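Line by line, the protein sequences give chains B and D.
If you count by my numbering, then the first sequence holds residues 1 to 223, one letter each, in order.
If you count by my numbering, then the second sequence holds residues 224 to 666, one letter each, in order.
In short, the hints are calculated from the structure, not lab data.
You may find that some hints are simply not true.
Derived pair list, reagent style SDA-like, types lysine to any residue, alpha-carbon separation capped at 25 Å [unchecked claim]: (1) B:Lys200 with B:Asp125; (2) B:Lys10 with D:Ala498; (3) B:Lys10 with D:Ile465; (4) B:Lys10 with D:Asp503; (5) B:Lys10 with D:Pro537; (6) B:Lys10 with D:Met476; (7) B:Lys10 with D:Asp572; (8) B:Lys10 with D:Gly580; (9) B:Lys10 with D:Asp496; (10) B:Lys200 with B:Gln146; (11) B:Lys10 with D:Phe276.
All values reported here derive from a predicted model rather than from experimental measurement.
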Amino acid sequence: MRILLAEDDKLLGDGLRAGLRGLGFQVDWVRDGLAAERELRAQAYAALVLDLGLPHRDGLEVLSTLRREGHAVPVLVLTARDAIGERIRGLDSGADDYVVKPVDLHELAARLRALVRRAHGQPHDRLQLRGLALDPAARQVERNGQPVALSAREFDLLHALMLNVGRVLSREQLEQHLYSWGREVDSNAIEVHVHHLRRKLGPGTIQTVRGIGYLMPVDPALA
Amino acid sequence: MTSPLASLRGRTTLLVVAMTSAAWFCASIAMWVDTRHELDELLDAHLAQAASFLVIREGGEDEELEHGRGATLHPYAPRVAFQVFQGSELIARSPDAPATPMTGLAAGFGNVTIAGAPWRTFTARNDERAGRVIVAEQVASRTSIAMAVLRGSLWPMLLAMPLLAVAMAWATGRGLRPLTQLGSALASRSPTALDAIVIERAPSEMRPMLDALNGLFARTGNLLDSERRFTADAAHELRTPIAGIRAQAQAAMTVVDAQARRHALGATLQGCDRAARLIDQLLLLARLESGAMPEFAPLDLCALARRVLADVTPDALAKRQSLEFVAPDHLVVRGSVALLQALVRNLVDNAIRYSPGGARVCVTALQEAGRSVLLVEDGGPGLGEAQRRRLGDRFFRGADTQEAGSGLGWSIVRRVAELHRMDVEVDRSPALHGLRVRFAFPA
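If we strip away everything but chain D, and leave its shape as in the complex, we get:
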């Protein structure tokens, strides 16, 4: 069992009961002070009146006070006392009053201690006849009256407190029901469920939390969707080259003609290369999309492009294309060597792949307005407006699917460009009439 303080309900109940008690306590103190004050005034007035009355009586008739009766007059009788002096002679006193004067000669109120108990006194004088009357009253009786008044208000409060606690616990429980609902909705949720949580009549305090939760679900859902799509697309894209490899290998086993068999075996190898390249591209893209920031360092863009172009030259030669590189000796940019290599490789690969035999492919590196710029142009058919927009969609290939591209090249190019904060423009090459892609590094 957890401590009641661990729950919002327990805390609220405890807090409310404690606050209420404190408030009541303060009110009681105020009431006590007020009651005592009023009581003191009232009883002091009575004391003074009684003393004055006795002084007058003492002056009028010589009447013996009955000693014995005084004690039984009233339960309060033992708590009040008086002494009547004529000169310094005590001529009358109540049964409880001491034989010696309770106070000095001064008239007015006073506080004395008689037999260990505090008393309130009032002395009235009749100077004409040297008479003096002292009336006294036990302070304890005042306290007990005030206490009685206080008790009258304390009892209902003590009775009300447990009821209040129960009511509070119930009310907070009810008020917190949406939270409980949210808890059970979350608990019973399957990990794949990413739809929004709906709580009927959710209080405004819960709205931000609910909105944040549902926002999180939506974002996670989108991420999952895109991952799922990527995996499905990747599987789909891998299936085709593998199906091709399988078909070619089986064809090689089935055909009798030696030339046809050689052709099939060659195609099998081609298929393996294609699948391997597709896997490389997929892994690169997965790394690029993982959000990890690659390490950037100053590098020579021209040297890098030259290396890549040397690698792809055989492909261009095989299609009798001319591959040109126009650049200064050095052009230093900040970036990742591996990623920029992949970018140039993909662009030039595409240019060679989608340009007809004998076409020109031109790569230019230059400095323009303080920015390093890389241009890749080809003499291919180019791309229409709609197709240009779709560039970078995973596995999108242009209309001419005769070519065995992975459809991932542009996704990689776009991502690498993003990571390098490059500006990318795609349009028609004025010189070669095919596609022109322009990358501008940040200044």
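Only chain B is shown next, with the shape it has when bound in the complex:
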């Protein structure tokens, strides 16, 4: 899951990036409001972690601009101010969740997963599809009750596809989802991961839409 972290504090930003990466997120880190807006326009992120006290452009401004432009990315606001008024203002400006510093890394990760899940209309954290179960928190996948060993990339790819069941995701979209900045991506990396997933989960699980991308069908018979 690729998220954008907008935090001006060096120590906190660096720590959150390292911690969230350790928990399986792909994290891009920007340190001011303008950079955050720029990145959000350029890339597809599963969620945005937004500090309110950003230089150049305040977090709340970034948020309202984003929403005005119709950007639906789930936003988790991170701030040192816990005044009720601030929280209400934040939520009214279009934030989906609000966390006061200092934040627990695991809580932040759980909230991010919940935000992303809700953004995809999933009521449960655990994603299920025809005997396949994916637990984003534990990063575990089971097939017919049996655990399946997946690499981190394979897991992220499956997660993205299961969050978007019935929708086609292009290779670029999947790449954006899997890799943060500065990672060299082989042109056939996605193909390779899909290949491995098919082998581990069964051939019909992921379907190729030639020239467009990949999807997990709601009903394999209709595909």
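Fit chain D to the known structure of chain B by using the hints.
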């Protein structure tokens, strides 16, 4: 129950009643004196007239005076008496008159005591016929007339006095109502309420007190606001390094890669140092703003600056900056060692922090026109006019927040400079093109 004198109302009422009584008392005395005087004149005239009449009568006809009737003529009859002499022989007298002459031979008014009571007499003589008439009147009767007159004026006053007291008590109570209102407004006030007290139609005498009270509320409010802001700001500023420490520590626990873990642990330590420094700065600032006057003593500014510069040299070296100190051997100023150390430390810290790698930071101490001057210059980006004005605002940091400053350094610097009565100038360094800060000690 408190004494009536304890209340303004009781006091005013008592005072007014007492003053009124005193005034009435004086008026009564004046009236008494006046009445007595007028009465004496009138009755003396009557006495003289009666005597003259008797003298004439005595000369005209030889008429026996009826002795028995005199006593019943009038209630005042026993209080008046007369004697008629022919030569030394008493030829006629009123029933109460003694048989012996009431006065001597001299004509005119006199005062005698007969049977223990004072009498007023008038003697008229008819020297042609050796006749003498003495008319006398008891002084007590005059007193009782005057008393009666006085009583007539005293009664209404005695009746009016309690009414006056009640009216006064009511009127003062009403007049003092704004005070009562103020009292209840103050009593029902919550300790956090610091808005102005408004009393409808407050009398002009109360205005100064009300204004002073509201002024006090306003000042207390400002002080509280600034304290509250400081606490909130401090909490906010502490939260960020603590959040950083927490994130780094958790990252260290979460990541598998050994190098990443070392990095996170190192950052955790950095965060602790930063938080500790922030707390030191906050405590120093709180002490500086508490208003307590630090102890001043003569000290060597050059030695002090050298010590501080030695401390921060490693930071400058880490950024490959050159740190220069241009100063005479000694420069004695009056001040607090701890505070001036904090001032120099903060300034040089800032200069190193906000100047790029390889830049120059120059500290100069010199004597100029009898004043000791300290200059700190750097080769950093400097500050714009608007930013320079905001220097010293608590927690204000320049636009480049890449640096982990506390935002308190300049608040401390400004306060220390104020306490030392130093003149502070901030401008662009002509030599290094970055920020130049100039402190001039008082001459």
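Between Lys10 (chain B) and Gly580 (chain D), does the CA-CA distance stay at or below 25 Å?
Since the Cα atoms of Lys10 (chain B) and Gly580 (chain D) sit roughly 18 Å apart, the hinted pair holds (cutoff 25 Å).
Restraint status (C-alpha distance of Lys10 (chain B) to Asp572 (chain D) at most 25 Å):
18 Å, holds
Holds or violated: Lys10 (chain B) to Phe276 (chain D), with C-alpha atoms at most 25 Å apart:
Violated, because 132 Å separates the two Cα atoms, which is more than 25 Å.
Are the Cα atoms of Lys10 (chain B) and Ile465 (chain D) separated by 25 Å or less?
Satisfied, since the Cα-Cα distance of roughly 12 Å is no more than 25 Å.
25 Å Cα cutoff - pair Lys200 (chain B), Asp125 (chain B):
OK: Lys200 (chain B) and Asp125 (chain B) at ~22 Å, within 25 Å.
Given pair status - Gln146 (chain B), Lys200 (chain B), alpha carbons within 25 Å
Between Lys200 (chain B) and Gln146 (chain B) the Cα gap is close to 12 Å, so the pair holds against 25 Å.
Does Ala498 (chain D) sit within 25 Å of Lys10 (chain B), going by the straight-line distance between their CA atoms?
14 Å, holds
Holds or violated: are the alpha carbons of Lys10 (chain B) and Met476 (chain D) at most 25 Å from each other?
Measuring from Cα to Cα gives roughly 19 Å; hence the hint holds.
Lys10 (chain B) paired with Asp496 (chain D) [C-alpha distance capped at 25 Å]:
14 Å, holds
Need the status of pair Lys10 (chain B), Asp503 (chain D): alpha-carbon distance at most 25 Å?
21 Å, holds
Given the hinted pair Lys10 (chain B) and Pro537 (chain D), is their alpha-carbon gap at most 25 Å?
Satisfied, since the Cα-Cα distance of roughly 21 Å is no more than 25 Å.
Hint violations for this structure: number 11 only, all remaining hints satisfied.
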